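Q: From first to last, the protein sequence lines stand for chains P and X. Last residue of the first sequence: 251 in our numbering, with the numbers rising by one and none dropped. Last residue of the second sequence: 300 in our numbering, with the numbers rising by one and none dropped.
Treat the hints with care, since some could be wrong.
What the hints assert, rightly or not - Here are the computed lysine-lysine pairs in the BS3-like style, where the Cα-Cα straight-line distance is at most 30 Å:
#1 Lys113/X with Lys143/P
#2 Lys201/X with Lys130/P
#3 Lys72/P with Lys294/X
#4 Lys93/P with Lys10/X
#5 Lys294/X with Lys117/P
#6 Lys64/P with Lys22/P
#7 Lys62/P with Lys115/P
#8 Lys138/P with Lys201/X
Just so you know, the hints here were simulated from the structure itself, not pulled from any lab data. Fair warning: this is a prediction, and the values are worked out from it, not measured in the lab.
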Amino acid sequence: MDKIKFDTKSLDLFYGDFQALKSINIKICENEVTAFIGPSGCGKSTFLRCLNRMNDLIDSVKMKGEIIFDDKDINGDIDVINLRTRVGMVFQKPNPFPMSIYDNIAYGPKCQGLKDKRKLDTLVKESLTKAALWEEVKDRLNKSALGLSGGQQQRLCIARTIAMNPEVILMDEPTSALDPIATAKIEDLMSSLKKDYTIIIVTHSMQQAGRISDKTAFFLMGEIVEFDETPKIFTNPNDKRTEDYITGRFG
Amino acid sequence: MIYLIEKFKKEYLGRSIVTVLGIVIILVTLSITGFLFYKGLGTFVTYNHSVWEFLFSSEWKPADNFDGGGKVGAAIFIVGSLLISFLALLIATPFSIASAVFMTEISPKLGKKLLQPAIGIFVGIPSVVYGWVGLTVLVPAIAHVFNLPYGFSVLAGGIVLALMIFPTITSVSVDAIENVDNGYKEASYALGTTRWQYIYKVMLPSATSGILTGVILGLARAFGEALAVAMVIGKMLTFPDNILSATNNMTAEIASDMGNSAQGGEFNDALWSMALLLLIISFIFILIMRIIAKKGEEVK
């Protein structure tokens with residue numbers, strides 16, 4: 001049995017009066033890629049954002065239930081800053097800061113108090129290498145990150161997250177704004193990253209979930225309909241609704 | 001025929017009204033500019049003074065007649081205007097940026113409920129009231145605190161002007177901050193930074209070009225304000241030794257002597273030259289704002 005990273009117990013989430021997540025129960029294992037699939041508005045991104053408390057940014061959100069991370073309920077009395085350094089996030093739209101490539105990577109560690117220039121240099125190089133971007137940008141580390149292509153920007157965002165040395169990387173449709181070649185690069189990257197990190201990815205593309213994930217959860221209208229090994233979900237799902245969705249009958 | 005009338009009503013009527021009104025505004029602006037050039041150049045054309053004398057000499061004894069021969073060195077007024085405006089900027093900008101950050105990031109609810117209306121009230125107060133309050137409260141206070149015979153000073157002018165330009169800089173800064181891509185905020189928070197780290201290292205740098213626009217708009221307003229400054233500056237025809245000295249500035253001088261000089265005389269023309277200079281300075285401010293705004297666009 002793999003080690004469990006996140007153990008979610010009957011989680012409900014409301015936006016004002018609207019219930020966006022209904023009694024979510026899911027155990028996410030370490031060093032695996034877990035994919036969340038489902039139609040738009042099914043709650044998969046909302047749940048992903050619970051895992052690093054990004055929903056705190058939205059005023060009207062209320063939650064019930066527990067998400068156990070490392071023996072502690074992250075909805076309880078924990079240090080959110082510390083949680084977010086351990087659970088990184090990559091967003092749908094590449095969002096590098098309007099600063100140099102180097103500063104984008106160094107920003108997080110610097111905010112944690114790392115000042116040593118040599119350590120920062122090493123960290124920047126390591127992170128960019130892991131994100132398969134070093135070769136492309138090593139000669140222009142001091143140029144603005146906004147001059148990179150969309151795919152490069154997204155890999156930069158991944159590198160920026162890696163630089164924090166997190167345990168978990170959350171990815172919210174990280175390739176939906178990218179072309180197929182850039183998508184392929186990011187997907188390759190994910191398989192190589194799972195050795196060191198637990199990866200949870202929300203995706204609209206079922207092919208993508210099939211290609212890269214070990215386990216897949218199918219969300220529908222705020223509930224997890226089915227959660228199992230990815231091959232099982234795609235070849236022999238238990239639930240009729242899962243089958244209808246993956247065979248393209250709705251969604 | 002009916003079709004044509006309908007078409008005229010639906011399409012051309014509104015368009016013509018808007019176009020005509022727009023052209024009127026352009027014409028008014030152009031004619032004011034033309035008129036100011038016509039009047040303002042009299043000093044140099046009719047009375048043969050050099051631009052150099054006007055800008056850099058401090059001897060101000062224009063003759064109030066049509067023969068000329070006086071001195072039109074406006075340097076004291078120019079220096080006075082510059083000093084007071086920049087001092088006002090120095091005082092107002094930190095408060096403005098802090099208020100803008102408070103209203104957008106730290107406590108939007110309280111900001112929108114309390115600070116925003118307060119700033120609206122600031123804008124609504126007429127400048128003569130600012131000047132009068134300055135004269136009654138600020139000038140004696142400065143005299144008292146610094147143990148001076150009187151408190152008319154650059155400092156008094158700077159503080160009064162700072163109050164007047166504070167709302168301008170604040171509201172433009174609020175817009176600039178609200179325009180910062182929300183993705184930056186999410187990215188920063190997701191990296192485990194504190195709110196302050198995000199504000200200081202990402203948000204403010206991203207909003208810099210917008211905030212600068214507000215600062216220059218405030219500077220332009222400070223430069224053009226006459227009444228309130230005239231009431232607290234002291235109207236002394238000397239360069240100020242320090243910010244506690246009285247001096248004079250361009251707008252205050254124009255306001256106080258425009259009615260006391262013969263139309264078309266040397267004195268009157270010298271005042272028009274100052275008006276022209278104010279116009280040119282405001283053109284320069286607008287130009288700088290455009291350049292900054294353009295740079296900001298390029299960064300995005």
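Q: For each hint, tell me whether it holds in the structure or not.
A: Evaluated hints:
1. Lys113/X with Lys143/P: Violated: Lys113/X and Lys143/P sit about 42 Å apart, past 30 Å.
2. Lys201/X with Lys130/P: Holds, because 26 Å separates the two Cα atoms, which is no more than 30 Å.
3. Lys72/P with Lys294/X: 50 Å, violated
4. Lys93/P with Lys10/X: Given that 30 Å is the threshold and the Cα spacing comes to 42 Å, the pair is violated.
5. Lys294/X with Lys117/P: Violated, at about 34 Å.
6. Lys64/P with Lys22/P: Holds, at roughly 10 Å.
7. Lys62/P with Lys115/P: 38 Å, violated
8. Lys138/P with Lys201/X: 24 Å, holds
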